Amino acid sequence: MRIPSTLAVAALIAVLLGCEAADPTVTGGPLAMRRLTAEQYRNAIEDAFGSQVEVAGRFEPDNRREGLNALGAAMVAVTPSGFEQYEAIGRSIADQVTSPELREQLLPCQPDTPSAADAACTEQVVRKFGRSLLRRPLTEEDVQARIEAASLAAETQQDFYAGLRVALVSMLVAPEFLFRVEAAQPAPSPGQENRLELTNLSLASKLSYFLWNRGPDDALLAVAQRGELTQPAVLAREVDRMLASEYLVDGVRAYFEDVLLFDKFDNLSKDVGQYPIFNNRMAADAREQTLRFIVDHLVAQQADYRTLFTSRTLPMTRSLGAVYGIPVRAVDGWETAVLPQNQPRVGLLSHASFAMLFAHPGRSSPTLRGVFLREALLCQSIPEAPADIDFTQFVADVNAVHNTARDRLDVHSTQASCRKCHVLTDPIGLGLENFDGIGKLRTTENGVPIDTSGDFDGRDFSGPAELGQAFADNPLVSACLVQNLYRYAVGREETRGERPLLRYLEASFEQNSYKLTALMRDIAVSEAFRTATAEPQSPPEQVVSSEPARDAETGSSAAVGDAATIGGKST
Amino acid sequence: MKYATLFVLLLCVTGCGDKSASVAPTDEVVAAAAEDKVRGFVFTQWAYDIPREDPGECPEGFNITDEDFFSEEYASVREEVSRRYNAGDREGALELLPEDACRDPGVMPDPGHILFEGSASVDGINLDGIDSTLAGAGQCAHEDFVSVNGEAGVDNQYWRLMGCVKGMRPDGLFDRLFDTKSTILENGYSTLLEIKLVSGTKTNGKVEARLFTSAGPVTKDANDNVVPDMSQIVHEDRMFHSAAFPGQIKDGVFTAGPVDAKLKFKVQAIDNYYYFRDLRIRAEMLPDGGMKGVLAGYWDIENAFDFLTEVYIGPVHLGRAAANNIGYQCAGVYHALPRVADGHPDPQTGACTSMSTVIQFAAIPAFIIMPEAGSEVAAR
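Respectively, the protein sequence lines represent chains P and W. Each step along the first sequence adds one to the number in my numbering, with nothing skipped, and position 219 is 219. Here my numbering runs 571 ahead of the position in the second sequence, where the first position is 1.
Mixed in with the good hints, there may be bad ones.
A few chain W positions that, by computed beta-carbon distances, are all more than 10 angstroms from chain P [said to hold, decoys possible]:
#1 Gln616
#2 Glu638
#3 Glu643
#4 Ala664
#5 Ile701
#6 Lys752
#7 Gly787
#8 Pro799
#9 Glu855
#10 Phe938
With a straight-line cut-off of 30 angstroms between C-alpha atoms, the simulated DSS-like cross-links for lysine-lysine are [to be verified]:
#11 W:Lys773 - P:Lys440
#12 W:Lys837 - W:Lys777
#13 W:Lys608 - W:Lys833
#14 W:Lys863 - W:Lys752
#15 P:Lys264 - P:Lys420
#16 W:Lys821 - W:Lys837
#17 W:Lys608 - W:Lys863
#18 W:Lys791 - W:Lys863
#19 P:Lys128 - W:Lys777
#20 W:Lys837 - W:Lys752
#21 W:Lys791 - W:Lys833
#22 P:Lys440 - W:Lys767
#23 W:Lys863 - W:Lys777
#24 P:Lys440 - W:Lys833
#25 W:Lys773 - W:Lys821
#26 P:Lys440 - W:Lys608
#27 W:Lys791 - P:Lys264
#28 W:Lys777 - W:Lys767
#29 P:Lys440 - W:Lys737
#30 W:Lys737 - W:Lys863
#31 W:Lys737 - W:Lys752
These aren't lab readings, by the way, just hints derived from the structure by calculation. Since the model is a prediction, treat every value here as computed from it, not as a measurement. Backbone N, C-alpha and C fix where the C-beta goes; we use that ideal spot for every residue, glycine too.
Full structure from sequences and hints, please.
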């Protein structure tokens, strides 16, 4: 257990007294600047223009760091070719918005003459969509620059809509749209000379991307624009409103898609000779099944996070029914299934999604599964395999004496350089060997019974069900969720100074019966979430952010405080 | 162009998915399935028994078709038939041909039909329990076969009817169609078998069985095989649910019957059902959980004639085109059917109304779900 004894005692006292333990006054770490993920980009377009506008094109690949794309998003730039892709996607969107089919529905005005510039109408359009895309009220400079560009293009091409497309594309390729730039103002406190407070608008974006995986809605922007969001009571009220919103599902799905490495589904393939029933539809269903399972348990039912590892209830489609070996009535859609008690399949670890993702195209992989469990669910780091490994002994050969993965790994682990990692990964990975490379239940491999017993950090288990229970009972599992969710929320690793906050969050998570939404609330209203620490190499008077400092009330550019706004930036 | 050959090129649309409400099977049902007390199977092979190794001889030759029988009439209109057919006027094309006994067998006298009269090593079951001979008493007298395994008394009058039809011989049209499993993979429905353990164990015990037609087609995998362990909803029309019938599993062999069953098929231009009476099953239980064996029973001869001749593409009746391809005349078969019939004598006339028929089949585990939401489920 990683909770320091003093904190544990404090938490216990708090429980006994019937009150919540106080959020330790911990200032957040450095500011972050994060590139929108593909999903966030799509959400932004849907929020601005509606679902009828399609986002066509490929985005630059995400950059996974410390197990999270959310951290990598703060360490990426846009390459020249990536910018070209953003521009192409932006042009496609602008074409759709100004198309004869959609313009009447989407645009707030018509030009006086379609063959000439119309500054008034352009201004209405820019103001309507700019606030949503840039996640803030537009400044006069923002608007005027786009009117001028649109007018020039409209006059040149004698087409109002051609000019409007220029204005729209300019917003769609704007760094402020493509990147979430945190801006803050100095707010030193005793002993914390470098303490910063996020601006209202930055806090609004940070909050909405954490909880909803999308930009702020009008209500949140309005609160931020009034300068009220940084008030703790108002912040708590807004967080509660957002946690009750239907968009929370998007936020929860986005987090688990990230931490469970579900982007790997985009490139998943299987040997159809080995797994002839596998197809892309089945893979998509497996991915969706796990996400629905998580949302159903943690959002709809507000269940204990640890029940994910022991629950036998899960959403099911007919094609997945063939994998799980259970009847499914639904022909095309989803229905809730309960796994039979006599099946070893229980909880998240036995889902087909994991079995498919953490396996080779033609066979299962206890090692890949073990690495995933250690890294994603226990927050432990497993070193990369050495480059000079001899895999020949591991490859299945029905003529050899090594019929099961356990036999082959035993041989493999005789090499000392391999053993030190495999001893961590293989025992738990072998516990899931009842599931083949697509998750279908099996009890034998090459005619030999599969032994799924093992030891998980000192606790014996006989198979996947007991392994799932061992995960549910292991405090490292919930502590890892706390760590990953906090990192996901702030877009970076926690600083040394933030570690007491993580201990507090772990204790509070336990007090709140391991409810995910309670943990999300704790993070969102924490002092650390709305503050930051200026990096020593950035003198306070130097403007680092690409976001101009703005008056929260009006949205107009102005210096805040006695210096300037400091924006975060990572490499 | 032989317009009749179009028949075999045209495939029907098999996407006949059901629209049942999505209500998950009950916990009890799932548990029963998990304990193997109830096992479900979906058929992966369905083929008339064609004795490949020893099909027997046809010393009188093979049956001819309407195209042969009316060769002069066909020749005189062939070009115009092709022109109208290719122009999309299929009804107009068919009007030029002699009257069609496949639509109405009364339009022409019996042209004759060559029955198979020798011996052949067919598969099947001794359905009537006796070693029958043509010299036996009554209109239902018939000559039994000796099976590949040496079992005497095997009843298979369907082979008597079709043994001298070219398309039914080994490597003939039907054989090739069944080789490609079209009756399964192109069928808009599938045939389901439920086995419920009554006493004993699942390897040696008394069982109760039921046959069903499903509401939709099978699911195929990447290698064009039927996906095992898939859920299949039973057809909502109870006509396609057999009654429960007794059976047993002993020494790795499943036997059951008799039972009357109507089993629906929608393959290529056929959208019909089989009506079998006193159907029996004998199948070997396979290590992979599947089974392989025969269905043997009495095929109602009126239904058999309908099944063979009710062939449509859209509104166009193509029973004669099918007969021309396979190698028989509908009128000949119509009049031959009572001669080969060996079962279910009419109480009034004493004439037999059904013919013994053998279907080779294979099946794999599947989940069988009754059509009513919340109703019981047969499982794998």
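For each hint, the structure was consulted:
1. Gln616: Fine: 17 angstroms to the nearest Cβ keeps Gln616 (chain W) off the interface.
2. Glu638: Holds, since 42 angstroms exceeds 10 angstroms.
3. Glu643: 53 angstroms, holds
4. Ala664: 40 angstroms, holds
5. Ile701: 43 angstroms, holds
6. Lys752: 15 angstroms, holds
7. Gly787: 7 angstroms, violated
8. Pro799: 7 angstroms, violated
9. Glu855: The claim stands: Glu855 (chain W) keeps its Cβ more than 10 angstroms from every Cβ of chain P (closest is about 20 angstroms).
10. Phe938: 4 angstroms, violated
11. W:Lys773 - P:Lys440: 23 angstroms, holds
12. W:Lys837 - W:Lys777: Answer violated: Lys837 (chain W) to Lys777 (chain W) is near 33 angstroms, above 30 angstroms.
13. W:Lys608 - W:Lys833: Holds: Lys608 (chain W) and Lys833 (chain W) sit about 25 angstroms apart, inside 30 angstroms.
14. W:Lys863 - W:Lys752: 14 angstroms, holds
15. P:Lys264 - P:Lys420: It holds: about 27 angstroms lies between the C-alpha atoms, which stays within 30 angstroms.
16. W:Lys821 - W:Lys837: 34 angstroms, violated
17. W:Lys608 - W:Lys863: 20 angstroms, holds
18. W:Lys791 - W:Lys863: 19 angstroms, holds
19. P:Lys128 - W:Lys777: Violated. Lys128 (chain P) to Lys777 (chain W) sits at ~75 angstroms, over the 30 angstroms cutoff.
20. W:Lys837 - W:Lys752: Given pair Lys837 (chain W), Lys752 (chain W) holds - Cα atoms ~13 angstroms apart, limit 30 angstroms.
21. W:Lys791 - W:Lys833: Within the cut-off at roughly 24 angstroms; holds.
22. P:Lys440 - W:Lys767: Status holds; Cα separation ~25 angstroms.
23. W:Lys863 - W:Lys777: 19 angstroms, holds
24. P:Lys440 - W:Lys833: Measuring from Cα to Cα gives roughly 34 angstroms; hence the hint is violated.
25. W:Lys773 - W:Lys821: Given that 30 angstroms is the threshold and the Cα spacing comes to 9 angstroms, the pair holds.
26. P:Lys440 - W:Lys608: Holds - the C-alpha atoms of Lys608 (chain W) and Lys440 (chain P) are around 21 angstroms apart, at most 30 angstroms.
27. W:Lys791 - P:Lys264: 26 angstroms, holds
28. W:Lys777 - W:Lys767: 9 angstroms, holds
29. P:Lys440 - W:Lys737: Since the Cα atoms of Lys440 (chain P) and Lys737 (chain W) sit roughly 45 angstroms apart, the hinted pair is violated (cutoff 30 angstroms).
30. W:Lys737 - W:Lys863: Since the Cα atoms of Lys737 (chain W) and Lys863 (chain W) sit roughly 27 angstroms apart, the hinted pair holds (cutoff 30 angstroms).
31. W:Lys737 - W:Lys752: 20 angstroms, holds
Going down the numbered hints, you'll see the structure goes against 7, 8, 10, 12, 16, 19, 24, 29, while the others check out.
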